[in-house]
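Asker: Guided by the hints, dock chain D onto chain P, whose structure is given.
Number of protein chains: 2
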Amino acid sequence: MQRAVRWYPPAYDIRVEAVPIPQIIDPDDAIVRVTLAGLCGSDLHIYRGHEDVDSDLTCGHEIVGEVVALGPSFHPQALGRPELYSTLRVGDKVVSPFTVSCGECHFCRIGFTCRCVHSCLFGIPTLPGGQAQFVRIPKAGGTLFSLSALQSPGTGLVNQDLSHLTESSLILLADILPTGVFAAMQALQHPKVAPMLTGKPYPFGGNVLAGTNPGQASAALQPEDRTLTIAVVGLGPVGICATISLLDILTSLESSQGLVYQVIAIDPLEARRKKMQAIYNVIDSAENGSGRFTVASIEDGKRLAADWTSGAGCNAVLEVVGNNSALTLAYEVVRPFGIISSVGVHQEPPLPFNGRDVYNKNVSFDFGRCPVRAMFPIAFDVLLKRQDVFGSVGTNSSLVEKVVPLDQAVEMYKLFDKGDCGKILFNPWI
Amino acid sequence: MQRAVRWYPPAYDIRVEAVPIPQIIDPDDAIVRVTLAGLCGSDLHIYRGHEDVDSDLTCGHEIVGEVVALGPSFHPQALGRPELYSTLRVGDKVVSPFTVSCGECHFCRIGFTCRCVHSCLFGIPTLPGGQAQFVRIPKAGGTLFSLSALQSPGTGLVNQDLSHLTESSLILLADILPTGVFAAMQALQHPKVAPMLTGKPYPFGGNVLAGTNPGQASAALQPEDRTLTIAVVGLGPVGICATISLLDILTSLESSQGLVYQVIAIDPLEARRKKMQAIYNVIDSAENGSGRFTVASIEDGKRLAADWTSGAGCNAVLEVVGNNSALTLAYEVVRPFGIISSVGVHQEPPLPFNGRDVYNKNVSFDFGRCPVRAMFPIAFDVLLKRQDVFGSVGTNSSLVEKVVPLDQAVEMYKLFDKGDCGKILFNPWI
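Going line by line, the protein sequences match chains P and D. Each position in the first sequence, counted from 1, maps to that position plus 713 in my numbering. Each position in the second sequence, counted from 1, maps to that position plus 713 in my numbering.
Simulated from the structure, these hints should not be mistaken for lab results. One thing to keep in mind: the hints can contain errors.
Claimed, not checked - DMTMM-like mimics (lysine to aspartate or glutamate), calculated; alpha carbons at most 25 Å apart, straight line:
no.: 1; chain 1: D; residue 1: Lys1074; chain 2: P; residue 2: Glu764
no.: 2; chain 1: P; residue 1: Lys1074; chain 2: D; residue 2: Glu1061
no.: 3; chain 1: D; residue 1: Lys1015; chain 2: D; residue 2: Asp1130
no.: 4; chain 1: D; residue 1: Lys1131; chain 2: D; residue 2: Glu1061
no.: 5; chain 1: D; residue 1: Lys987; chain 2: D; residue 2: Asp997
no.: 6; chain 1: D; residue 1: Lys1074; chain 2: P; residue 2: Asp765
no.: 7; chain 1: P; residue 1: Lys1074; chain 2: D; residue 2: Asp1020
no.: 8; chain 1: D; residue 1: Lys1074; chain 2: P; residue 2: Asp1070
no.: 9; chain 1: P; residue 1: Lys1074; chain 2: D; residue 2: Asp1070
no.: 10; chain 1: P; residue 1: Lys1074; chain 2: P; residue 2: Asp961
no.: 11; chain 1: D; residue 1: Lys913; chain 2: P; residue 2: Asp961
no.: 12; chain 1: P; residue 1: Lys1098; chain 2: P; residue 2: Asp767
no.: 13; chain 1: P; residue 1: Lys1074; chain 2: D; residue 2: Asp938
no.: 14; chain 1: D; residue 1: Lys1074; chain 2: P; residue 2: Glu1061
no.: 15; chain 1: D; residue 1: Lys1074; chain 2: D; residue 2: Asp1130
no.: 16; chain 1: D; residue 1: Lys913; chain 2: D; residue 2: Glu967
no.: 17; chain 1: D; residue 1: Lys1131; chain 2: D; residue 2: Asp1120
no.: 18; chain 1: D; residue 1: Lys1127; chain 2: D; residue 2: Glu764
no.: 19; chain 1: P; residue 1: Lys913; chain 2: D; residue 2: Asp961
no.: 20; chain 1: D; residue 1: Lys987; chain 2: D; residue 2: Glu1012
no.: 21; chain 1: D; residue 1: Lys1115; chain 2: D; residue 2: Asp765
no.: 22; chain 1: D; residue 1: Lys1115; chain 2: D; residue 2: Asp1130
no.: 23; chain 1: P; residue 1: Lys1074; chain 2: P; residue 2: Asp938
no.: 24; chain 1: D; residue 1: Lys1074; chain 2: D; residue 2: Glu937
no.: 25; chain 1: P; residue 1: Lys1127; chain 2: P; residue 2: Asp739
no.: 26; chain 1: P; residue 1: Lys913; chain 2: P; residue 2: Glu880
Isolated chain P (complex conformation) (with noise of 0.2 Å):
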């Protein structure tokens, strides 16, 4: 037997309790001791009995851990499918993304992990989740990140030095990481960023095409014309993970291409913005490119929106929250041919846009879950570079606030259900 954190229906019933260890019932399975488990916000939507499900469950959907066992599918000789199983071991330290993805399936194999056939969440009653000693892995070839393989030689992978990451940055490549990534890559892979980015006027920058001669074209590209201005809509953990990832990937974009960025982030709680700063001052303190930030509340970003771009707007907005209003005001931000971002999780109500004012503004729109699986590369390597934000636990610049045993799970709920704590880890074995 093992400790688990339970819910139980209908609303904040919360258990730590005994249950059994997962055993191995398919091929492709792995169990995993669980080293450290997150406490997610959309852990909240099951607590609170919004999401109809009326059956009792082990919680929890961020997992950092050790493997203990594979299912016979792990051998040498699993060719032609994904590379972890041929290469996971037992022992080996792994990362699981909060949804099971098989590698296998189309979806899988162009890099829409989360849109994969066999997608399933973990924490729901079919699938037990990870804050518990043990959890089940399906399809774990296709679903973990091996920390131990970017270590071992001879697996075509880059040998990493891992030596200064710390074990409580890894939960944020569960989730929340790879979602703050996926929302700026979005917007600076969208055709309409191109010109900013590659010099060349549209559709030339783009992918396709991009050899044509443009012929009898505009005026050159001014300097001014290669500023891009980006505005990331609210500043929960996601949302700084994705300012923290828009900032590394275009401090590198700056040296590489030649262009000039502004970056705003705003948020109306003032909490919210003094972590960003904090966090901020600690990556300028370090190493930073020399484009333009600053944290704003909602009134200060649509002035400043309009006052670093000469009237225009922004030329992409990440929208992290999800909901109306964050969405109305990531579209009053946005310029002409600009592009909305948008990861935050979105309800049942319509969209707050009518035909005119998306065809009038020429506005670009991705909607939709961060496909975890296929973007952890990128993140890992964010996470790496900025092991200074993310490595620490407990200070005012850090994303984790604490890490503790199940046995405070009741209270830790009820904590976090009141805002009045930041992300909190469990560990299963202290």
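Answerer: Okay, now just chain D, sitting in the frame of chain P:
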């Protein structure tokens, strides 16, 4: 004095009248002798009194002609300005897009010419349109596209063989062909389509971070992952142009990039489907790729979007109608992580989606008006290559139905308003 097609408020009042020949009033102006002017679906918005215009005007915004006078800004030393200010000559053959674009503001320089800060539509009370013998073109060095310059040595442009180019086909450059190209390009340049085009999983096929090692990837892409299935919703003249452009670009990508394509062109009206099929037959008998193509009713389109993709749906949908039933159909047939490229002119109804719809399907949308002037080079390539389709008048595979004198304007507006004829061009000199 000259003859011109004039509209009077409140509605349905067209008169062919004598009005003064326009003169240079700004140094950047050109006066163009109109050789052909189009009657466009959007002329009907004014015709029917739907645009809240309360004074009379000269109609028309699709213009082909010959330069007869140039303002003092045009001279060989107009350096640092758009190149036509130093190369355009009296006597040159030109096409004008339906809006003015200066070629010099930030939006023009980066290719978003339809959002030029000097943007102005031809055929409104303050800017007389092209259904006349002469028309004044503001900011002409930015606005016009010169056919003559393409053939002049020493301009830095490719010398093009224009001997087979018909006069009537040029009018398609003013609006509908670039808009069709834009619809196709928005879809094909979107990063969510990159895996199919490049064979690299998302997000590594895009412009940014293209070289990053994906590490511990899913299974390798299979040949079937490279199949790109695109639906076109709406087969009016712009939808037909979008389909032809899409097929043309896909055929070239098929040979250079190794993808396989499938195109489903959908319209509820049989007459439009027949026209599309007749045009495809002309293309197909000339040269074509090996991709799959079909014309379909709405019900057939839905069925084929599922059947041709093992139930996944289309990678992208070009929405070329501009109403909510077209957007809803686009959403129905697009797959998770798909793109809806909407160039339809949408009006005031709210968008027909709620937040959960778009989040759960990871849908991307691109909305808005085509930057026609910026799309000219690509559209011109398609126009030259596809003279077999665009070059004819009055056959069952022609986009242009007939060329008539201005005197027939009253009757032609009536016919066109009833949907009793295809595209009409005016020749003001017959």
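Asker: Evaluate each hint against the coordinates.
Answerer: Comparing the hints with the structure gives:
no.: 1; hint: Lys1074/D x Glu764/P; verdict: holds, 19 Å
no.: 2; hint: Lys1074/P x Glu1061/D; verdict: holds, 14 Å
no.: 3; hint: Lys1015/D x Asp1130/D; verdict: violated, 30 Å
no.: 4; hint: Lys1131/D x Glu1061/D; verdict: holds, 24 Å
no.: 5; hint: Lys987/D x Asp997/D; verdict: holds, 15 Å
no.: 6; hint: Lys1074/D x Asp765/P; verdict: holds, 21 Å
no.: 7; hint: Lys1074/P x Asp1020/D; verdict: violated, 36 Å
no.: 8; hint: Lys1074/D x Asp1070/P; verdict: holds, 22 Å
no.: 9; hint: Lys1074/P x Asp1070/D; verdict: holds, 22 Å
no.: 10; hint: Lys1074/P x Asp961/P; verdict: violated, 29 Å
no.: 11; hint: Lys913/D x Asp961/P; verdict: holds, 23 Å
no.: 12; hint: Lys1098/P x Asp767/P; verdict: violated, 43 Å
no.: 13; hint: Lys1074/P x Asp938/D; verdict: violated, 34 Å
no.: 14; hint: Lys1074/D x Glu1061/P; verdict: holds, 14 Å
no.: 15; hint: Lys1074/D x Asp1130/D; verdict: violated, 39 Å
no.: 16; hint: Lys913/D x Glu967/D; verdict: holds, 16 Å
no.: 17; hint: Lys1131/D x Asp1120/D; verdict: holds, 19 Å
no.: 18; hint: Lys1127/D x Glu764/D; verdict: holds, 18 Å
no.: 19; hint: Lys913/P x Asp961/D; verdict: holds, 23 Å
no.: 20; hint: Lys987/D x Glu1012/D; verdict: holds, 16 Å
no.: 21; hint: Lys1115/D x Asp765/D; verdict: violated, 30 Å
no.: 22; hint: Lys1115/D x Asp1130/D; verdict: holds, 16 Å
no.: 23; hint: Lys1074/P x Asp938/P; verdict: holds, 19 Å
no.: 24; hint: Lys1074/D x Glu937/D; verdict: holds, 21 Å
no.: 25; hint: Lys1127/P x Asp739/P; verdict: violated, 36 Å
no.: 26; hint: Lys913/P x Glu880/P; verdict: violated, 43 Å
Violation of the numbered hints given earlier is confined to hints 3, 7, 10, 12, 13, 15, 21, 25, 26; the remaining hints are satisfied by the structure.
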